Amino acid sequence: MNTTTQVSDSALVSLYIAGNENAFEQLVNRHKNKVYTTILLIVKDTYTAEDLMQDAFIKAIHTMKSGRYNEEGKFSSWICRIAHNLAIDFFRKEKRSPMITLEDGSNVFNTMAFAEDSAEQFQVKEDTHARLRELIQTLPQSQREVLMMRHYADMSFQEIADSTGVSINTALGRMRYALINLRKKMLNSNIAYDKNLYSE
Amino acid sequence: MIKTSTQNELIQYVYNELADDACTQLEAAFMHDNELAEGCSELLQIQNLLDTALKSPHQRAVQNILNYSKSLSLQS
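Each protein sequence line maps, in turn, to chains A and B.
Letter by letter, the first sequence follows residues -1 to 198 of the numbering used here.
Letter by letter, the second sequence follows residues -5 to 70 of the numbering used here.
Please note that a few of the clues may not be correct.
Claimed, not checked - Counterexamples of contact, computed for chain A against chain B with all Cβ distances above 10 Å:
hint	residue
1	Lys30
2	Gln52
3	Ser74
Unchecked claim - Covered by chain A, per the in silico footprint, the following chain B stretches (three or more residues, Cβ under 8 Å):
hint	stretch
4	15 to 21
5	31 to 44
Said to hold, decoys possible - In silico lysine-lysine, DSSO-like type, Cα no more than 30 Å apart, as pairs:
hint	chain 1	residue 1	chain 2	residue 2
6	A	Lys63	A	Lys91
7	A	Lys57	B	Lys64
8	A	Lys183	B	Lys(-3)
9	A	Lys91	A	Lys72
10	A	Lys182	B	Lys64
11	A	Lys91	B	Lys(-3)
12	A	Lys63	B	Lys64
13	A	Lys91	A	Lys57
14	A	Lys57	A	Lys72
If you are wondering where the hints come from, they were derived from the structure by calculation, not from laboratory data.
Model, not experiment: these values are computed from the prediction.
Note that the Cβ used here is the ideal one computed from N, Cα and C, for glycine as well.
Work the whole structure out from these sequences, hints included.
Right, dumping it as structure tokens:
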């Protein structure tokens, strides 16, 4: 259990703006997985997702270094919103269909680390997590959007409501249906609730 | 049958967005409403599962970002 007090994102941003590169490294390491997953769930390609993740952080660097960073919101929501917008822009430019291309057997999602697992356990977990990401992508667009914004981009339901032009109750309802539908899809796909399987 | 307003509160609860007094009321309701407690438990399980679906980028991509930032600092 980690008992050290974690420096807040806000403090790290201030340190970075003052010239402390180590503070920025901590921010990147703290948020890289959420930023990357937010993008990956939209573009569905690891190379493109890594490129867009770099673009997102570079945009953030320029905003912070030029003194245009707005202290009001959370850093995590802000950086994930940049990532989300870049991924959506990419999607539109590519004129890709938002329909799902499943990745059966591909090595697209093959880099999760489970240091203490056996090879077999690792494969079972990896298959399960890859299947879960596929299932997320089969959700209706409005539900998937709210789920990604809240769970991965760390935006509040009010921020999501403002961003998508709906009431907070609609955003909450969409999230509720997203989670309920995801659960049904998991049960239909024989993805069981096994705590040992899902523990990190 | 759980009311829609309560279901929305459950979502806010598992994402730590419910006001303290509403949290207290909801937690008290869990004690005598099994359906509500089970609904909350299911949401928490799915929430945990979603966390495991997070992916890590390659370290190379992360290093590119850090190098870019350092290069800007050196220029200024």
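For the pair supplied as a hint, Lys63(A) and Lys64(B), is the alpha-carbon distance within the 30 Å limit?
-> 11 Å, holds
If you draw a straight line from the CA of Lys57(A) to the CA of Lys72(A), is it 30 Å or shorter?
-> 16 Å, holds
Starting from Lys63(A), check that the Cα of Lys91(A) is at most 30 Å away, please.
-> 29 Å, holds
Against chain B, does Gln52(A) keep a CB gap of more than 10 Å to every residue?
-> 5 Å, violated
Does the structure keep Lys182(A) and Lys64(B) at a Cα separation of 30 Å or less?
-> 47 Å, violated
10 Å cut-off, C-beta based - Ser74(A) kept clear of every residue in chain B | About 13 Å separates Ser74(A) from the closest Cβ of chain B, which puts it past 10 Å; holds.
Outcome, coverage of the stretch 15 to 21 of chain B by chain A - at least 3 residues whose beta-carbon is closer than 8 Å to one in that chain = violated (count 0)
Given hint Lys64(B) paired with Lys57(A) - CA-CA distance at most 30 Å = With Cα atoms ~14 Å apart, Lys57(A) and Lys64(B) stay inside 30 Å; holds.
Holds or violated: are the alpha carbons of Lys183(A) and Lys(-3)(B) at most 30 Å from each other?
-> 23 Å, holds
Apply the coverage criterion to the stretch 31 to 44 of chain B and chain A: a residue qualifies when its Cβ sits closer than 8 Å to a Cβ of the chain, and three qualifying residues are needed.
-> holds (count 8)
Lys30(A) clear of chain B by more than 10 Å, beta carbon to beta carbon?
-> 6 Å, violated
When you check the alpha-carbon spacing of Lys91(A) and Lys(-3)(B), does it fall within 30 Å?
-> 42 Å, violated
Violation of the numbered hints given earlier is confined to hints 1, 2, 4, 10 and 11; the remaining hints are satisfied by the structure.
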